Amino acid sequence: MSLRISQLPLGALQTNCYIVGDSESRDAVIIDPAADAEVILEKVTEHDYHVHEILITHAHFDHVIASKPVKDALNVPLRIHENEVTQLREMAQRARLFGIQVPDEAATPDGFLEHGDKLQLGLLRFEVRFTPGHSPGHITFVMPEYKVAFVGDCIFNNGIGRTDLPGADTATLKKSIVEQILTLGDDFMLCPGHGPTTTVSREKSHSIDLAHLIQFG
Numbered sequence: 001m002s003l004r005i006s007q008l009p010l011g012a013l014q015t016n017c018y019i020v021g022d023s024e025s026r027d028a029v030i031i032d033p034a035a036d037a038e039v040i041l042e043k044v045t046e047h048d049y050h051v052h053e054i055l056i057t058h059a060h061f062d063h064v065i066a067s068k069p070v071k072d073a074l075n076v077p078l079r080i081h082e083n084e085v086t087q088l089r090e091m092a093q094r095a096r097l098f099g100i101q102v103p104d105e106a107a108t109p110d111g112f113l114e115h116g117d118k119l120q121l122g123l124l125r126f127e128v129r130f131t132p133g134h135s136p137g138h139i140t141f142v143m144p145e146y147k148v149a150f151v152g153d154c155i156f157n158n159g160i161g162r163t164d165l166p167g168a169d170t171a172t173l174k175k176s177i178v179e180q181i182l183t184l185g186d187d188f189m190l191c192p193g194h195g196p197t198t199t200v201s202r203e204k205s206h207s208i209d210l211a212h213l214i215q216f217g
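Residue numbers for the sequence shown, in this note's numbering: 1 to 217.
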């Protein structure tokens, strides 16, 4: 298998959508269809991917704006943590609080994911880790054999997720990062919801926000 990760910063908040694919089998999944459905679908077509599923780290509006058009176009299931359903349903009204107009409807989930779930999607394998704190049902998708984790807005390159939003909690975020992200291994690549990728090692040694959270959070 030859793993290919396409990072697409989309929408007003430049939220990262990831298309994770195998360039040999053409198996693929979409993580966080943030916005600009046509861009996502063009990338799928460009690589001749067979998309098995849409996976959502959390349902803050900027991560799911294109969820319905992408799901409808590809006719594939979408899964998320059950604690995110309300936010998914209220996507449009929550976006308006930030002065951003989005479609009235997000996609309807076809199933729910929990901590410890193991996903086999074609040749692609993921493990699910429950990482709340930034959002009550935030989850991280880990590919252990490739040492890659899709961490949503839990942790960033030199930053951590906001905890001043409804349903967020600083102590919970700290627990998630310390127990579920930093334990992955120093050489794991972290693919965040905004900004460039990073590694566990880099964040341990360079992130002022992370150091502050661990010491005072």
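FYI, nobody ran anything at the bench for these hints, they're computed from the structure.
A quick note: this is a predicted structure, and the numbers were derived from the prediction, not measured.
Among the hints, a few may not be true.
[Unchecked claim] Listed next, the in silico DSSO-like pairs over lysine-lysine satisfying Cα-Cα at most 27 Å (straight line):
1) Lys147 with Lys175
2) Lys204 with Lys174
3) Lys147 with Lys204
4) Lys175 with Lys204
5) Lys147 with Lys174
6) Lys118 with Lys147
7) Lys147 with Lys43
8) Lys68 with Lys147
9) Lys118 with Lys175
10) Lys118 with Lys174
To see whether the hints hold, each was checked on the structure:
no.: 1; hint: Lys147 with Lys175; verdict: holds (21 Å)
no.: 2; hint: Lys204 with Lys174; verdict: holds (13 Å)
no.: 3; hint: Lys147 with Lys204; verdict: holds (16 Å)
no.: 4; hint: Lys175 with Lys204; verdict: holds (15 Å)
no.: 5; hint: Lys147 with Lys174; verdict: holds (22 Å)
no.: 6; hint: Lys118 with Lys147; verdict: holds (15 Å)
no.: 7; hint: Lys147 with Lys43; verdict: holds (24 Å)
no.: 8; hint: Lys68 with Lys147; verdict: violated (30 Å)
no.: 9; hint: Lys118 with Lys175; verdict: holds (22 Å)
no.: 10; hint: Lys118 with Lys174; verdict: holds (24 Å)
The structure fails to meet hint 8 from the earlier list, while all remaining hints are met.
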